[in-house]
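J.: Sequence:
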Amino acid sequence: MGNSRNILLTNDDGIFAPGLAALRQSLDQLGNVQVVAPASEQSGVSHSITYLEPLIIDDVYREKELFGRAVGGSPADCVKAAMLELCDPKPDLVVSGINSGSNAGINVLYSGTVAAAIEGAFFGVTSIAVSLSTHSRPDYEATAALATDLIGQLLAGNPSPGSLWNINFPKCQADWPLGVKVVPMGLERYREMLEKRTDPRGRTYYWSGLHPEQTPPTELNSDVAALTEGFVTITPLNFNLTCSDEMQRVSDIEWQLPPR
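Numbering-wise (my numbering), the sequence shown opens with residue 11 and increments by one.
Possibly wrong hints are sitting among the right ones.
[Claimed, not checked] Simulated restraints, written as ranges between beta carbons of each label pair: (1) 71 to 255: 47 to 55 Å; (2) 197 to 75: 41 to 49 Å; (3) 60 to 249: 14 to 22 Å.
[Stated by the list, open to error] Quick list of in silico lysine to any residue cross-link-like pairs, SDA-like style, CA-CA up to 25 Å: (4) 181 to 53; (5) 191 to 244; (6) 191 to 239; (7) 100 to 58; (8) 181 to 194; (9) 206 to 26; (10) 181 to 26; (11) 191 to 116; (12) 100 to 70; (13) 100 to 72; (14) 181 to 206; (15) 191 to 146; (16) 181 to 156; (17) 100 to 134; (18) 74 to 28; (19) 100 to 49; (20) 191 to 247; (21) 100 to 14; (22) 191 to 206; (23) 74 to 42; (24) 181 to 111; (25) 181 to 148.
Just so you know, the hints here were simulated from the structure itself, not pulled from any lab data.
C-beta: ideal position from N, C-alpha, C; glycine also.
Please construct the entire structure, taking both the sequences and the accompanying hints into account.
T.: This is how it looks when you write it as structure tokens:
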């Protein structure tokens with residue numbers, strides 16, 4: 011494969027996130043890496059884009075060398091700007107991560123990390139989201155090394171242009187990880203709540219998303235279940251939201267408009 015591959019690296023934790031730095035260094039063995047990432051954390055923004063105000067893009071240097079471009083917008087903005095304007099040569103692989111926290115199950119729909127990969131797939135480029143299921147004692151270097159190896163194996167299989175992949179690593183612990191499972195995205199709802207609080211002036215406010223943990227999953231063949239067991243999960247995704255079953259059902263109806 012050599013270094014002929016052009017890789018766009020992005021994330022939703024921001025350009026200064028340690029997970030991105032670790033993956034930036036590790037991906038060098040797969041090709042030429044260009045970093046375009048949000049200037050600040052954009053977790054949970056899903057596939058939002060900026061169009062009512064200008065995008066501010068700044069160069070970020072480390073040790074007097076260009077590290078990447080910081081975009082004052084969402085992860086999808088970053089990929090769009092990279093593809094249309096910033097990257098030369100154009101990327102033929104998009105990698106988004108390493109996210110701090112898993113993006114499995116229905117969290118895929120909220121994830122800025124996955125949204126960046128989706129935007130890459132929109133452009134017909136193989137795109138991969140990478141997440142680590144832990145916020146405490148994360149080993150980003152080990153995760154980056156494993157992720158790079160798995161990405162290399164995935165690319166060796168010649169995935170279809172524009173294919174979209176979601177890779178999640180389990181919590182870092184002894185004998186980690188147990189292996190790799192290719193599994194579908196889980197559809198169970200996470201435990202959700204709004205935590206009610208009172209500010210010093212006596213006003214009520216709420217925090218959302220403080221307890222996203224799920225009770226033991228009942229969907230045994232899912233990314234959530236495999237992560238809980240300690241496996242790396244690989245899930246091919248599709249951004250086509252058309253429901254084929256319902257499409258077929260309603261296509262048989264003889265639709266009529268009321269008289270005018």
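J.: With reference to the structure, classify each hint as holding or not holding.
T.: Going through the hints against the structure:
The hinted range of 47 to 55 Å is satisfied by residue 71 and residue 255, whose Cβ atoms lie roughly 52 Å apart. Range check, residue 197 to residue 75: Cβ separation about 45 Å, and the 41 to 49 Å hint holds. The supplied range of 14 to 22 Å is met by residue 60 and residue 249, whose beta-carbon atoms lie about 20 Å from each other. Restraint check for residue 181 and residue 53: the C-alpha separation of about 19 Å stays at or below 25 Å, so the hint holds.
The hinted pair formed by residue 191 and residue 244 meets the criterion: a straight-line CA distance of about 6 Å does not exceed 25 Å. The suggested pairing of residue 191 with residue 239 holds, with an alpha-carbon distance near 11 Å, which does not exceed 25 Å. With a C-alpha separation of about 23 Å, the suggested pairing of residue 100 with residue 58 holds against the 25 Å cut-off. For the proposed pair residue 181 and residue 194, the alpha carbon gap of about 19 Å is at most 25 Å, so the pair holds.
Taken as a hint, the residue 206 and residue 26 pair is broken in the structure, with Cα atoms around 32 Å apart against an allowance of 25 Å. Only pairs whose Cα atoms come within 25 Å are accepted, and residue 181 paired with residue 26 is accepted, the gap being roughly 22 Å. For a cut-off of 25 Å, the pair hint linking residue 191 to residue 116 stands: about 18 Å separates their Cα positions. Proposed proximity of residue 100 and residue 70 is supported: the alpha carbons are some 20 Å apart, at most 25 Å.
The straight-line distance between the Cα atoms of residue 100 and residue 72 is roughly 23 Å, inside the 25 Å bound, and the hint therefore holds. Simply put, residue 181 and residue 206 have alpha-carbon atoms about 29 Å apart, too far for the 25 Å limit, and the pair is violated. Under the criterion of a C-alpha separation no larger than 25 Å, the hint pairing residue 191 with residue 146 is consistent with the structure, at around 24 Å. For the hint linking residue 181 to residue 156, the alpha-carbon distance of about 14 Å falls within 25 Å, and the restraint holds.
Among the hinted pairs, residue 100 with residue 134 is consistent with the structure: their alpha-carbon atoms are about 12 Å apart, no more than 25 Å. Our distance criterion of 25 Å between C-alpha atoms is met by residue 74 and residue 28, whose separation comes to about 19 Å. Between the alpha carbons of residue 100 and residue 49 the distance comes to roughly 21 Å, so the proposed pair stays at or under 25 Å and holds. Pair hint residue 191 plus residue 247 holds up; C-alpha atoms about 15 Å apart against a cutoff of 25 Å.
Between residue 100 and residue 14 the CA atoms are separated by roughly 12 Å; this keeps the pair inside 25 Å, and the hint holds. Only pairs whose Cα atoms come within 25 Å are accepted, and residue 191 paired with residue 206 is rejected, the gap being roughly 39 Å. For a cut-off of 25 Å, the pair hint linking residue 74 to residue 42 stands: about 19 Å separates their Cα positions. A distance of roughly 9 Å separates the Cα atoms of residue 181 and residue 111; the hinted pair therefore holds under the 25 Å criterion.
Restraint check for residue 181 and residue 148: the C-alpha separation of about 8 Å stays at or below 25 Å, so the hint holds.
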